[in-house]
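S.K.: From first to last, the protein sequence lines are chains A and B.
Under my numbering, think of the first position of the first sequence as 1, with each following residue one higher.
Under my numbering, think of the first position of the second sequence as 1, with each following residue one higher.
Nothing false has been slipped in among the hints.
Label-pair distances were calculated between CB atoms; the ranges are: (1) Glu148/B with Gly114/A: 50 to 60 angstroms; (2) Glu112/A with Phe48/B: 28 to 38 angstroms; (3) Glu62/A with Asp181/B: 48 to 58 angstroms; (4) Gln19/B with Ala107/A: 23 to 33 angstroms; (5) Lys108/A with Gly130/B: 31 to 41 angstroms; (6) Asn86/A with Val115/B: 16 to 26 angstroms; (7) Phe48/B with Gln19/A: 20 to 30 angstroms; (8) Gly130/B with Glu112/A: 39 to 49 angstroms; (9) Lys108/A with Gln19/B: 26 to 36 angstroms.
No lab work stands behind these hints, which were simulated from the structure alone.
The beta-carbon is built from N, C-alpha and C at its ideal position, and this holds for glycine as well.
2 protein chains.
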Amino acid sequence: MFEQMEWVKPTEIEARSMQIIESEMPKGNWTPGELLVVKRCIHTSADFDYAENLYFSDHAVEQAIEILKAGATIVTDTNMGMAGINKRALSALNANVHCFMADPDVAKEAKERGVTRAVVSMEHAGKLEGPVIFAVGNAPTALIRLYEMIQEGTISPAFIIGAPVGFVNVVESKELICNLDVPCIVARGRKGGSNIVAAICNALMYQIPGTR
Amino acid sequence: MFEQMEWVKPTEIEARSMQIIESEMPKGNWTPGELLVVKRCIHTSADFDYAENLYFSDHAVEQAIEILKAGATIVTDTNMGMAGINKRALSALNANVHCFMADPDVAKEAKERGVTRAVVSMEHAGKLEGPVIFAVGNAPTALIRLYEMIQEGTISPAFIIGAPVGFVNVVESKELICNLDVPCIVARGRKGGSNIVAAICNALMYQIPGTR
Chain A
1 MFEQMEWVKP
11 TEIEARSMQI
21 IESEMPKGNW
31 TPGELLVVKR
41 CIHTSADFDY
51 AENLYFSDHA
61 VEQAIEILKA
71 GATIVTDTNM
81 GMAGINKRAL
91 SALNANVHCF
101 MADPDVAKEA
111 KERGVTRAVV
121 SMEHAGKLEG
131 PVIFAVGNAP
141 TALIRLYEMI
151 QEGTISPAFI
161 IGAPVGFVNV
171 VESKELICNL
181 DVPCIVARGR
191 KGGSNIVAAI
201 CNALMYQIPG
211 TR
Chain B
1 MFEQMEWVKP
11 TEIEARSMQI
21 IESEMPKGNW
31 TPGELLVVKR
41 CIHTSADFDY
51 AENLYFSDHA
61 VEQAIEILKA
71 GATIVTDTNM
81 GMAGINKRAL
91 SALNANVHCF
101 MADPDVAKEA
111 KERGVTRAVV
121 SMEHAGKLEG
131 PVIFAVGNAP
141 TALIRLYEMI
151 QEGTISPAFI
161 IGAPVGFVNV
171 VESKELICNL
181 DVPCIVARGR
191 KGGSNIVAAI
201 CNALMYQIPG
211 TR
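Extracted from the complex, chain A is given alone in its bound form (with noise of 0.2 angstroms):
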């Protein structure tokens, strides 16, 4: 086995796996912005459906990288999601991010409601100041309620980045941010999560100077 392997210097071995997927991946009619987000989404999983799946609104990665200029929240629904979001570039940004969902709080609001913990958390990220980032990595039922509260004039997202995983409603619920007049990156069908969500976020930051 050892003699099959390539011996790549630590610093290179990202720069050596994105060649490896631009070869082999379709070619595409993404705009350069979105191609780092396609890539990055492969890199993370080794699942080249990403190139398949994912959403961009118009001009949504530009529109993106200029929120997170802002100084932009992110409110995930995933503590895994929030472990990979990469804090350094968070920091050059002055962005930050949020997971509401280990709050003993929602989890007991959660309970006497009889809704996920995911609804109540972007319930109560609806109530943060400036502009807020919706990355959502795991639960359909964040994606839902935050469209029935977009809906009903009560939470207004900068940005949303849909990509829960699973088999219940999901593929819905995308489907459901897909048809809102928000800025947005889906990843349609069943695929996404943790991993995905932050690699999405990743992805948009580095692209802006000072990041790495």
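Put chain B on the given structure of chain A with help from the hints.
M.R.: Below, chain B alone, put in the same frame as chain A:
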């Protein structure tokens, strides 16, 4: 879109998801314990490739369960993986999880030696007392260094979960582990990641009463 959704009680979403996964996945020769691991990997990724690529050494699940019951330390090479491992389950078992990747002295030593932080992390983990389960979800270099240290006799892992994701030496690093005489669960091929490592750890722990 709303009318196409299925209303499922929050507490029943996981069970419903597992039903769907089992109905769509190919039939295999898994033991009941192995099947729970396979299903949870698909649950976290919506990727049915995990029905094809998971390798279990003989009695791996039973052995991992015994090691976890003895209060093992899980060492992972990914902070996201650490975030995804269920802390209540760990606590119920008097087990714990460490990740050395973000330690400043690990970064410093890696830079000085021109190796990855994962290599240095594995070496640090070799000094831990008690049974250690290595759960590698990011760096093939971690698996390669583990392999070398096992061959040298300088480390003796109780169990290895080998699921780094990627394109450079990932496939080969996993085959090294499959050919060792150490109990293991390995996601063969390029796929894996933090979410998969966490899913495998959780699927093992959840088989022990009192962890959920």
